[in-house]
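2 protein chains.
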Amino acid sequence: MTEAHNEEAQLPPPLPEGGLRIIPLGGLGAIGRNMTVFEYDGKLLVVDCGVLFPDVEQPGVDLILPDFGPILDRLDDIQAIVLTHGHEDHIGAVPYLLAHKADIPLVGSQFTLALVEAKLAERRIQPYTLTVREGGRERLGPFECEFFAVNHSIPDALAVAIRTPAGLVLHTGDFKMDQLPLDGRITDLAGFARLGAEGVDLLLSDSTNAEIPGFVTPEREIGPVLDSIFAKARGRIIVASFASHVHRVQQVFDSALEHGRKVALIGRSMVRNMGIARDLGLLNIPAGLVVGLDEATSMPPEQIVLMSTGSQGEPMSALGRMASGDHRHITIAPGDTVVLASSLVPGNETSVYRVINRLARAGAVVVHKDVAKVHVSGHAPAGELLYLLNVVRPSNLMPVHGEWRHLRAHARLGIESGVAPDRVVLCEDGDVVDLVEGRASLVGRVKSRYVYVDGLAVGDVSESLLTERRILGDGGFIATTVVVDSVTGKVVAGPTVSAKGFSEDAAAFNAVIPLVTEALNRAAADGITDPHQLQQIVRRTVGRWVNDAYRRRPMIVPTVVEV
Amino acid sequence: MTEAHNEEAQLPPPLPEGGLRIIPLGGLGAIGRNMTVFEYDGKLLVVDCGVLFPDVEQPGVDLILPDFGPILDRLDDIQAIVLTHGHEDHIGAVPYLLAHKADIPLVGSQFTLALVEAKLAERRIQPYTLTVREGGRERLGPFECEFFAVNHSIPDALAVAIRTPAGLVLHTGDFKMDQLPLDGRITDLAGFARLGAEGVDLLLSDSTNAEIPGFVTPEREIGPVLDSIFAKARGRIIVASFASHVHRVQQVFDSALEHGRKVALIGRSMVRNMGIARDLGLLNIPAGLVVGLDEATSMPPEQIVLMSTGSQGEPMSALGRMASGDHRHITIAPGDTVVLASSLVPGNETSVYRVINRLARAGAVVVHKDVAKVHVSGHAPAGELLYLLNVVRPSNLMPVHGEWRHLRAHARLGIESGVAPDRVVLCEDGDVVDLVEGRASLVGRVKSRYVYVDGLAVGDVSESLLTERRILGDGGFIATTVVVDSVTGKVVAGPTVSAKGFSEDAAAFNAVIPLVTEALNRAAADGITDPHQLQQIVRRTVGRWVNDAYRRRPMIVPTVVEV
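Chains as they are written, first to last, in the working numbering: chain A, 1 to 563; chain B, 1 to 563.
Incorrect hints may appear among the rest.
Quick look at which bits of chain B chain A covers, simulated, 3 or more residues with Cβ under 8 angstroms [claimed, not checked]:
no. : stretch
1   : 49–58
2   : 203–216
3   : 446–460
4   : 479–488
5   : 493–501
Interface residues of chain A toward chain B, partial, derived using beta-carbon atoms under 7 angstroms [what the hints assert, rightly or not]:
no. : residue
6   : Glu403
7   : Lys500
8   : Ser503
When the alpha-carbon atoms are kept at most 16 angstroms apart in a straight line, the in silico EDC-like pairs for lysine to aspartate or glutamate are as follows [stated by the list, open to error]:
no. : chain 1 : residue 1 : chain 2 : residue 2
9   : B       : Lys369    : A       : Asp370
10  : B       : Lys500    : A       : Glu463
11  : A       : Lys500    : B       : Glu463
12  : B       : Lys500    : A       : Asp460
13  : A       : Lys500    : B       : Glu468
14  : B       : Lys500    : A       : Asp474
15  : B       : Lys500    : A       : Glu468
16  : B       : Lys43     : B       : Asp62
17  : B       : Lys232    : A       : Glu416
18  : A       : Lys232    : B       : Glu416
19  : A       : Lys500    : B       : Asp460
For the record, the hints were derived by calculation from the structure and aren't laboratory data. All values derive from a computational prediction rather than experimental measurement. Heads up, the beta-carbon is just placed ideally off N, CA and C, and yes, glycines get one too.
Next comes chain A alone, as it looks inside the complex:
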């Protein structure tokens, strides 16, 4: 295995003529912000441009973007952005990239483009788009692209094969290999076999479930489980799922029809996405089945299903508001059955279980994935990845879309299936891989920070700022303010001490005031008048005291003002 272990940026050498360069700017090392840049003959092709959702280590952050730094001065070279499917971790950063240059063409399937266009419309960006479908081919500059159907937890997902004189590269996008999918659109293993026969020089493939042995349960086994829940429910049914999981919503529609219930869609993205899916013929809505929320709330509970967002415990989502009793129209009551028909995205466990407990507290029966088979993953586990590897027989493998544990597990599968160990390129965001004369190898690194979106601003939140937030979040702060004479350094007012997030017991922590006064007196006696030095003295005095008295580490905020 070729492995990236260089922590320091080591800029790559110039790309040899006839070589293809691959730079993952996101998606390797974390599940999210997927983005891969391909370079051939001075031209660039981008595959996916998604966001990563923050975890507890990124407090207060709304979104994490790929670092566009390495391509910002080459935007004119970008031939297109190919979008494999419409999930946020693949399309969510498109508006931020188009903010730099609005006319980069977007290439994707009908449903994918419809979702990204809806997102761009909110920012008044009208993109240049090129709709493609499975079986299609497009020449995008020097990149000859061929598209293949893949089965995933959103309709109309594509893999893309990229041909250049440097060789044939297959990027799977996200996929699984449900052999009996609801829409009959299976992952095109036969097409991949044809590519394999032609000779795939490099395979980039989804690693999300590479650690998990075996095969994914067919999506259609969810239907009967939903049916039995619907059969048992005596009152209202509320189902939450991802707002883009058209097939899951279809199954809810089918069960509702079967059990004589109407469905109301709840949540802005749910309503919008299902409208798009219906218009494109991807969602079959029997006449009269869907009703508005107003009508739904006036109907007897046993005749209604609410199809909602919020399956990941998001507090501001429709389900999150219902759970905390803050939804304007819906109050959870005994007799309600709530189904969370979704996976549990790692990092969301605490919020999801909080929502479940609140729903249970309000009297609802809550069915979730620990309790019944109401969700299956959208990503191929190890057994399916081996099928793909054995059919494609790639010369080089680059695991993508995963945390380090997933990428490494996928690398092992590659080697077990016969890829030469020195042709498995295990790398992470910012690594630069060149495919030259049929061999992929790591040649350097470009800068690839996490770029944080927080409120309206992008990029003013750094890692050291997040460290400050973590310190403040864990221990609060103690602020000490003192006014000194600018000439003599003598204390004119203060010191005063105030604290937030540190301790309720102000009488106890005011005990530090005499210590600060004493330290300042000593400083004055020593002729120290520089406010910066005085600030350091205050900081040390308070810091030492709080450690001895409390064994806590609040942020110490000394302010010395000169008058």
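Once you've looked at the hints, dock chain B against the given chain A.
Frame of chain A, contents of chain B only:
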């Protein structure tokens, strides 16, 4: 179902003569800080006294204790603290209760008491103890206690039946019903049947897995899985588990012996607990199997197993330090196999997966519960709970040990198995339940806050303080300092603005200074000189500006000093 829905404390009426009062002070509404107080004829019996570990909603907190408030003025009435087993969520708060009165007798099995004594020794408390075992009976004041073996993820766990003239109560403690446990010590279903025949008036039973259908996998199925991992491993093996899971450690010892490896124990609690287990004959250590860490590090990697703490991703644990490269003696290297033979306690997912990724990054193969059957739960799922309910046939059921979702699921199982719905008491910490004339009912509430331990202090961290921490942790703060003349209210120095955790871009946020100056000038013109009022003006000015300019919500910290 009798259900607690009163948010406001509604003090209970006096306990009727001949009645038994039950007050859960912890363990109902969250998994942890288990503690139940029984009262009869003016005397109290406490069952368990544990801690709860904080989640992201309790930043900076070390531990959460039960609220001892309702019994603090009645410590002399406490006949004993019965400890069902030695897990932290059942014994961890004992030192904090004994800090109020050191001579309350502790009653428990040999292993349980040994663990709690080791914990108390660190605080130089030597408790009064009474060792009991399954089959034994003890009269503790008016409480006639009988002890029963239960099978759990720690040896020597007990259930306790409490007889008073008010009736027979069975408290299961934590249990599962592995029918072929490694030590042959099964949950005493036959004994419970005898109690059932006698007539159990109230059952308090473990709800942790009440949502999960079916039965737990026998513990002995882990052995072969470990064996196959050991057989495949070519280099060093590191196994992490709970430091009290003696049977899991025994299995690791057995596999090590089988595969010709020596074992070194790593982590203070692992070494201590396994020493206790060996001394009590609960852990069988073949001669020469266990070596010191020094010896282990000098041996060839294929001859060694390191048995470590840190299975929950704790950054300061032995495994946590190895993962981050901070362990003094052990450096993870390619060829290492790391096994996390443990459950994933909800709330710990992010840290556990971070440790796994770091280990994978350093080259280790990591086997965890998603990948192989290296752990089974210690708590009975629904299928086993039904066995218990059907054997005991309690007149009243009070689900304990669980979040709300678990308690409710357990309540449903109770009703399905034939407990009268109005005899199922679904309640939470602080609720007061009286058993009078064979009927258990909710009669009121006592105060039951979360009591936070943070560093050396207990109880000075409140919910509103945690809210401050969350605000600071999500958005940092902007501090504005201004010195004004105490007579005229005119600005003498400042305003200055500083920020932590808010934005790197100081030039941008200094834009607020002229706005603050302007607001203060206006205040001066209006004759406002009160520093508190001026502070509010500064707060409003900065708050409005930051919302408009950033759409963020940092804490606004205005300081107005008079000279």
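**Prompt:** Of the hints stated earlier, which fail here?
**Reply:** Violated hint: only 16; rest satisfied.
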